[in-house]
Each structure stands twice: as structure tokens, then as C-alpha cells.
Amino acid sequence: ASNNFGVSDVWGYTDETGIEYAIVGYQYGTSIIDVSSNPNNYTEVSNIIGPSTGDYYYHRDYKTYGNFLYIVNEMYGGDIGMQVVDLSPLPDNPPIQLATYDEISQSHNLWIDPDGFAFIEHQTGDNIHIVNLELSPSSPIYEGTFGNLAANCHDIYTKNNIAYVSEGWSNQFGIYDITDLNNIIQLAAIPCEGYAHNAWLNDGGDVLVTTEETENMTIKIWDISNFN
Numbered sequence: 020a021s022n023n024f025g026v027s028d029v030w031g032y033t034d035e036t037g038i039e040y041a042i043v044g045y046q047y048g049t050s051i052i053d054v055s056s057n058p059n060n061y062t063e064v065s066n067i068i069g070p071s072t073g074d075y076y077y078h079r080d081y082k083t084y085g086n087f088l089y090i091v092n093e094m095y096g097g098d099i100g101m102q103v104v105d106l107s108p109l110p111d112n113p114p115i116q117l118a119t120y121d122e123i124s125q126s127h128n129l130w131i132d133p134d135g136f137a138f139i140e141h142q143t144g145d146n147i148h149i150v151n152l153e154l155s156p157s158s159p160i161y162e163g164t165f166g167n168l169a170a171n172c173h174d175i176y177t178k179n180n181i182a183y184v185s186e187g188w189s190n191q192f193g194i195y196d197i198t199d200l201n202n203i204i205q206l207a208a209i210p211c212e213g214y215a216h217n218a219w220l221n222d223g224g225d226v227l228v229t230t231e232e233t234e235n236m237t238i239k240i241w242d243i244s245n246f247n
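In terms of my numbering, the sequence shown has 55 at position 36, counting the first letter as 1, and numbering is strictly consecutive.
These aren't lab readings, by the way, just hints derived from the structure by calculation. There could be a bad hint or two in this list.
Think about it this way: if two alpha-carbon atoms lie no more than 25 angstroms apart in a straight line, the pair counts; the simulated SDA-like pairs of lysine to any residue are [what the hints assert, rightly or not]:
1. 82 - 98
2. 82 - 113
3. 239 - 130
4. 82 - 221
5. 178 - 221
6. 82 - 95
Work out the full structure: start from the sequences and follow the hints.
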């Protein structure tokens, strides 16, 4: 890559035989690499081409649900939207790209919860686009939207029907009740001085760790046992 920024994101996947793969974003798409069959000689098993223009840092984001890989990116070009890849042919055969979900275009971030709902950072008026993967993992189905809530979503993480949204230039981490996807309710907003970058829960669900994508900001640890 001419800009020397290396890779854009990494995710992991383990096939039914126990082989582990690194899913790595680069300028022109996604590389899937066997990292456990031969630790001294990693092997690329697939190279999935995706949009590659219009974003200097070629952001991509990955999540898996069962044997399916979902890819979003911030570029322009072929396959605009969320690429859907079947990983089940591994290890004997390469993965197969099945479709591209085109009801979204560019996206910086993607999260998939255990119930099979994908939350996709999107655009003004549809700030977090929600699709159902459980009904048809190979062909995502539109489920709903956050609408104008979380207006500057940069990153989203959910657990136990609560969404934790890092809201970028809104300078806050929003906490939302998503039990009813047709009636999403804000429970709390944690202010920050920098660009709200990402948030993650501890296993107990009562401590939130946040970061800001701004110089001289600290990693912060919040007691969220009482949303009030």
C-alpha cells in the first residue's frame, strides 16, 4: 500500500476441525490466513476483493456469526454494502462470497450479538442500521434502526439487550435499552472530552471501559451498576 498504514482490522475464526484463521483487512479487500496449521509458515487461504477507493485509511470491520463472515468498509467501488461470506468450506476448500447486503453503503463499524442481530454503523437518519441474521444468515433481512438516536455513532457493542454506543463527536458514550428494537430507549449518557472511540463491558456487566480517539486522553473505567 502506498500510504504504509498496514492493515485496517483483524478478526478471528476457528473452523470445525480446530484450525484458527486471522481475518485481516488491507487496502484492496480481506485476507483470510491459516495461523495454526503451520505456525512457522502462515498460509493465505482466501483473498476477498472489496471496495478500495475513497478512504485514505481503507477502514474495514469484521464479525462472524456461526460459519458466516460479514464485512463492512468505508470505501467506494464494487460490492458496496456488507459482504456475506460462507466460511464453512474451510479447511478443504476456500470460503465463498454469497452476496452483498446493499441496503447500507459505507460503514465504519459492525457488531453482531448472540441472538443474530447485526448492528451496523451507518448514516444520518439511520445512525445504526439493524439486520436479522438468524432467520437467514446468507441473506440478511432488515430489522430496524436507531433512527436519530446515537447521532455520531463510531462504535457499538451490545450485551443482554443493552447497547453501548461510542458517539464520536457527540463526546459521549450512550447506553440504550434495545429489548424492543421498535422502541429503543436511552438509559444513560457518559460524557467525555475527546472523540468517543469505543467501549466494552467486563464479564459481570457492571464496569464499562472506554477510550477516546484524541491525544492525551486516558482509558477510563466506569462503574455502571446504577444507570442513574
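These are the hints, each one checked on the structure:
{"no.": "1", "hint": "82 - 98", "in the structure": "holds (17 angstroms)"}
{"no.": "2", "hint": "82 - 113", "in the structure": "holds (18 angstroms)"}
{"no.": "3", "hint": "239 - 130", "in the structure": "holds (22 angstroms)"}
{"no.": "4", "hint": "82 - 221", "in the structure": "holds (20 angstroms)"}
{"no.": "5", "hint": "178 - 221", "in the structure": "holds (11 angstroms)"}
{"no.": "6", "hint": "82 - 95", "in the structure": "holds (20 angstroms)"}
Taken one by one, the earlier hints all hold for this structure without exception.
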